[in-house]
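**Student:** Line by line, the protein sequences are chains Z and C. Read in order, the letters of the first sequence correspond to residues 330 to 681 in my numbering. Read in order, the letters of the second sequence correspond to residues 833 to 1268 in my numbering.
Everything labelled a hint here was simulated from the structure, so no lab data went into it. One or more of the hints may lead you astray.
[Unchecked claim] Here's a subset of chain Z near chain C, in silico, CB distances under 8 angstroms, partners left out:
hint: 1; residue: Asn403
hint: 2; residue: Cys405
hint: 3; residue: Gly406
hint: 4; residue: Gly409
hint: 5; residue: Ala411
hint: 6; residue: Ala416
hint: 7; residue: Leu419
hint: 8; residue: Tyr432
hint: 9; residue: Ser449
hint: 10; residue: Ala450
hint: 11; residue: Ala479
hint: 12; residue: Thr482
hint: 13; residue: Gly486
hint: 14; residue: Asn509
hint: 15; residue: Pro598
hint: 16; residue: Ile601
[As the list claims (entries may be wrong)] Where chain C lies over chain Z, by a calculated footprint (3+ residues, C-beta under 8 angstroms):
hint: 17; region: 388-401
hint: 18; region: 437-444
[What the hints assert, rightly or not] Derived PhoX-like pairs: lysine-lysine, alpha-carbon spacing no greater than 25 angstroms straight-line:
hint: 19; chain 1: Z; residue 1: Lys610; chain 2: Z; residue 2: Lys584
hint: 20; chain 1: Z; residue 1: Lys584; chain 2: Z; residue 2: Lys680
hint: 21; chain 1: Z; residue 1: Lys531; chain 2: Z; residue 2: Lys584
hint: 22; chain 1: Z; residue 1: Lys555; chain 2: Z; residue 2: Lys606
hint: 23; chain 1: Z; residue 1: Lys390; chain 2: C; residue 2: Lys1044
hint: 24; chain 1: Z; residue 1: Lys391; chain 2: C; residue 2: Lys1016
Glycine included, each C-beta is placed from N, C-alpha and C at the ideal position.
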Amino acid sequence: MLEEKPVTDTQTQAPSRQMNMIEAINDALGVMMARDPDIVILGEDVGYFGGVFRATAGLQKKFGRNRVFDAPINECGIIGAAVGMAAYGLRPVPEIQFADYIYPGLDQLVSEAARMRYRSAGEFTAPITIRSPFGGGIFGGQTHSQSPEAMFTHVAGLKTVIPATPYDAKGLLIAAIEDNDPVMFFEPKRIYNGPFGGDYDKPSRTWKGHPGGEVPEGYYKIPLGKARIVREGEALTVLAYGTMIHVAEAVLADKGIDAEIIDLRSLVPLDIETVEKSVQKTGKCLVIHEATRTSGFGAELVTLVQERCFYHLEAPVERVTGFDTPYPHSLEWAYFPGPVRIGEAVDRLMKD
Amino acid sequence: MAEGPVEKGVVRGNLPPLELYVPEPKYRPGDVVDYSHLPVPPAGLLARPDEACPASETWPLTLDMVRVLDEDDKAVGAWNPGLDPETLRRMLRTMALTRAFDDRMYRSQRQGKTSFYMKCTGEEAISVACAMALAGDDMVFPSYRQQGILISRGYPLVDMINQIYSNRADPLKGRQLPIMYSAKDYGFFSISGNLATQFPQAVGWAMASAIKGDTRIATAFIGEGSSAEGDFHAAMTFAAVYNAPVVLHVVNNQWAISSFSGFAGAERTTFAARATGYGIAGLRVDGNDALAVYAAMEWAANRARANQGPTLIEHFTYRAEGHSTSDDPSAYRSAQEREEWPLGDPIMRLKKHLIALGEWSEEQQETMDRELVEQVKVATKDAEKNGILGHGMHHPFHTMFEDVFEELPWHLEEQAAQAMRERGIKWPEWKERDDA
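Chain C with its partners taken away, still in its complex shape:
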């Protein structure tokens, strides 16, 4: 028993002093990477429970990994979604288009045509296969690495590029950082730079759909890093409490800028396993296996649509490139990680599967890739007719003050007048475009 104020704990027998554990990734720049510690279960082994099963029945699936494509590029097991070759080719093409788009936009940023870009290299299967397993009118609350969903849903590439360039034709009037798309007509919610906020919003959208007796479900994506946010807990609690028709995805790409997944708790359990504590169904999926992703999304969507409740899906994958064009991953992780990644490349795996089926060839792949490069090039040229970012300033000054509120209050009108006066002084030759 301590007497008086305590400033330091007393020595307690043989107990060692307390130690703080600060996670540290296995490999840093220059390290030789060995993934033998990372279990990659064989494809096709896991049972596919009934979509209406009690959430607790999915517990084993949250610790294991749903995989469909095996070592011989065959689709095997109960989770094989049994897609026809035409659908598989469309999936492959959309994933390849997403990659071609990323490559082109990355170069555009390096050429100074815009300020910022984010690739999803290595994660294409997640967005594209999920989009294909959803109904077209289901609502998506994306993070910033789900461009594959917009592309899957046929959003015009040129409008994506217009947004990335913040040019005259940018649907968002140059207000948002590149890639923070919003496309209501495509069921694609406005992307926020504040992470994980879309998680409880998706649950709210799903609750509204249920309140109205609708048939549409909602789905949301966050990274494993931002699953540490309080919004994750809010979303999971609300989804569980109201049995909301929502599918919540954690894209575990191992890295949150320079912080490895250990800083979101990955060393203690899987991200999918978190579902169990909330009484929500959970699935852990090989995120580089497009068929496994499709199957998981389909299972969860059917479950949600049948009022059987929400699902949390962890997609186990690898962020093959930097966080963004402003990031240099060689400063904090070993370059070998990408090369050695045991789950391979999602596009190559689907291609090989189609070839193994006798439904595709290397020649067809090369032809397709050339076509896609050309398609993106044409879209880029079209977008560039509307201008590139440059010094910005593509939009009439008054648009800066619009949409803060539905109607401009007096103080914003006064500030708008100030902006116009400054324009007259600083840019006397300025002509605002009528068509902008």
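Bound conformation, chain Z alone:
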């Protein structure tokens, strides 16, 4: 396994402790609710029970039912109410239980939250962070596995953030909550409990011993729009986020390739400088995401690299993605863009 160094963006001298991603998210929410009385959490099962993935465990007990409460099974209402709460002056952090469930709330998100600042010329804003577990690899079938991030990066006025480690999850979530614009915060649920190298048949790992699992106590934040260089390298640039960071790391380590792996962390805003600098250095680029291929965020990344790094490229930019099908239940591991699919693309890139 390659060494991974956490990047400390807001210097914090606080002692750290081992956390998985859920604990880091729970910690971020607790830290922020204690700092800002205007933060409220609403969503299905988030109150007494603490959420189906336990991300809000203990928060209702600590901050009261007025600030952490269950919502009806109605995503239009959850996001619509959050827009109204934000107009009042609160800073809601709704949870959508699975990213797959977000579509009933799409109008409130796309036509309302995303445009509020623009259409009211700044009179009303929507400082809302929508947390939602996304991605597959947990036998969730087609309605608990999707990666819909590109639907949101396509919307003017929304930011889209995806962490790949517990350390990043906490720092990015704090930054997202403090951001005065609506932020989609997609949590790769396959790596809630540990990094995943893409081999479903190998024993699963925990975050223990992974540098990204060391999470400082208290407040710190990682600015949105700042990528993380997971590993520096000369041979090839890999652009990925979420679960696929860990899969890419494992595959390239296995192949012994000196790749530069970039965790984008936020898709909008995108850290284009880090991307450009890396591709101009390596001359080769591989884009990886778990989401479906056609019109995926990979298409955007490939285009940007082509527009900005064309004369540095030594090979066509490669794109590894999920297939353009719904996420199948029993054929999950045939769908997942795992080591074989990534390995083939790497071989094509490296063949000369």
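Following the hints, put chain C in place on chain Z, whose structure we already have.
**Tutor:** Just chain C, lined up with the frame of chain Z:
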């Protein structure tokens, strides 16, 4: 029992085949209109339950109609809000001002000074009386036909017109379709062209007010047509679940562009009756009776402010004009509908009431109308100094990219630079105004 795959149902004895029912309005262009089927209960008959009553006690009121002004122009019954003549005259004046404003803006659109306008003719009582019954700091989530609320709250007419013209002084920087106002300082939420979205938002605002232990309530307006949206169900469910201090209005003006209220379910029950299934108080009101509207809003606002929960109010009214300047109602409904409308004209009814009280006269009405026309004319002239829509292009190009986010990310800066380059090529003489 069918064997094998079923492609078509078997014949079931004497049962006739299934039939789809597609609603059809009673009258189409050229038809003679007869409203005798439409029950108009006498004013003053209905009891006014305690504002803290169980929601279920309002059930009869959701099927009937709260009316205060009777055939003799008197205010009668338990729902009479007992307003003093000065307040009544202010109400009348604001309604008449709203109509004068609409008439002028409609003409401006026809003269090509802007792209679009929407009148609220015949519905003035709803906005104006509701605004007057609310506290000034209560939050309104309007639809596009509540200009009367902005006018009631004293928002400058000139700024409304600036917005309608998308001119240099448009507070919304020319970004919104005309009449999609936003006026935070006046407790008036940014209007959306996507219908009914404001309903759950108002509930969320009200929930926030309750979370913070505030005293302000929220209120929202939608048309009967968009009550069919899922947002209506979301709002009603959230309002009921959290007992939110919110008053939700359905303005039933019978028409959603060319679709009559039957396409929102009006043939099956009233819109107010929907409150019952959610356990919310409901009131059905003569929307052309300003005193009934005021009384209903006051009842519901008091109820909400006392933590007694939300209310759904249906205002039964008629959209006297087209949906917008882009609509021609003569293509789908009978012109007689407006003439025969049994609930009359809200401004005329309030005027007659004031005259019956001995507090107003036809001469005073004429004088007032002349003053209001002049007031709107002056505001229009003032606004026109800031430009009319024309070909648009009143705002610095960079403003197109601002407010998408709080800060411009690199990709918007790059696109802004592209827009500036195009400007240099296409409009080399372009000068951006410093004061815009």
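**Student:** Run every hint past the structure and note whether it holds.
**Tutor:** Status of the hints after comparison with the structure:
{"no.": "1", "hint": "Asn403", "verdict": "holds, 5 angstroms"}
{"no.": "2", "hint": "Cys405", "verdict": "holds, 4 angstroms"}
{"no.": "3", "hint": "Gly406", "verdict": "holds, 3 angstroms"}
{"no.": "4", "hint": "Gly409", "verdict": "holds, 3 angstroms"}
{"no.": "5", "hint": "Ala411", "verdict": "holds, 6 angstroms"}
{"no.": "6", "hint": "Ala416", "verdict": "holds, 6 angstroms"}
{"no.": "7", "hint": "Leu419", "verdict": "holds, 5 angstroms"}
{"no.": "8", "hint": "Tyr432", "verdict": "violated, 11 angstroms"}
{"no.": "9", "hint": "Ser449", "verdict": "holds, 4 angstroms"}
{"no.": "10", "hint": "Ala450", "verdict": "holds, 5 angstroms"}
{"no.": "11", "hint": "Ala479", "verdict": "violated, 15 angstroms"}
{"no.": "12", "hint": "Thr482", "verdict": "violated, 11 angstroms"}
{"no.": "13", "hint": "Gly486", "verdict": "holds, 5 angstroms"}
{"no.": "14", "hint": "Asn509", "verdict": "holds, 5 angstroms"}
{"no.": "15", "hint": "Pro598", "verdict": "holds, 4 angstroms"}
{"no.": "16", "hint": "Ile601", "verdict": "holds, 6 angstroms"}
{"no.": "17", "hint": "388-401", "verdict": "holds (count 4)"}
{"no.": "18", "hint": "437-444", "verdict": "holds (count 3)"}
{"no.": "19", "hint": "Z:Lys610 x Z:Lys584", "verdict": "holds, 20 angstroms"}
{"no.": "20", "hint": "Z:Lys584 x Z:Lys680", "verdict": "holds, 13 angstroms"}
{"no.": "21", "hint": "Z:Lys531 x Z:Lys584", "verdict": "holds, 18 angstroms"}
{"no.": "22", "hint": "Z:Lys555 x Z:Lys606", "verdict": "holds, 13 angstroms"}
{"no.": "23", "hint": "Z:Lys390 x C:Lys1044", "verdict": "holds, 18 angstroms"}
{"no.": "24", "hint": "Z:Lys391 x C:Lys1016", "verdict": "violated, 34 angstroms"}
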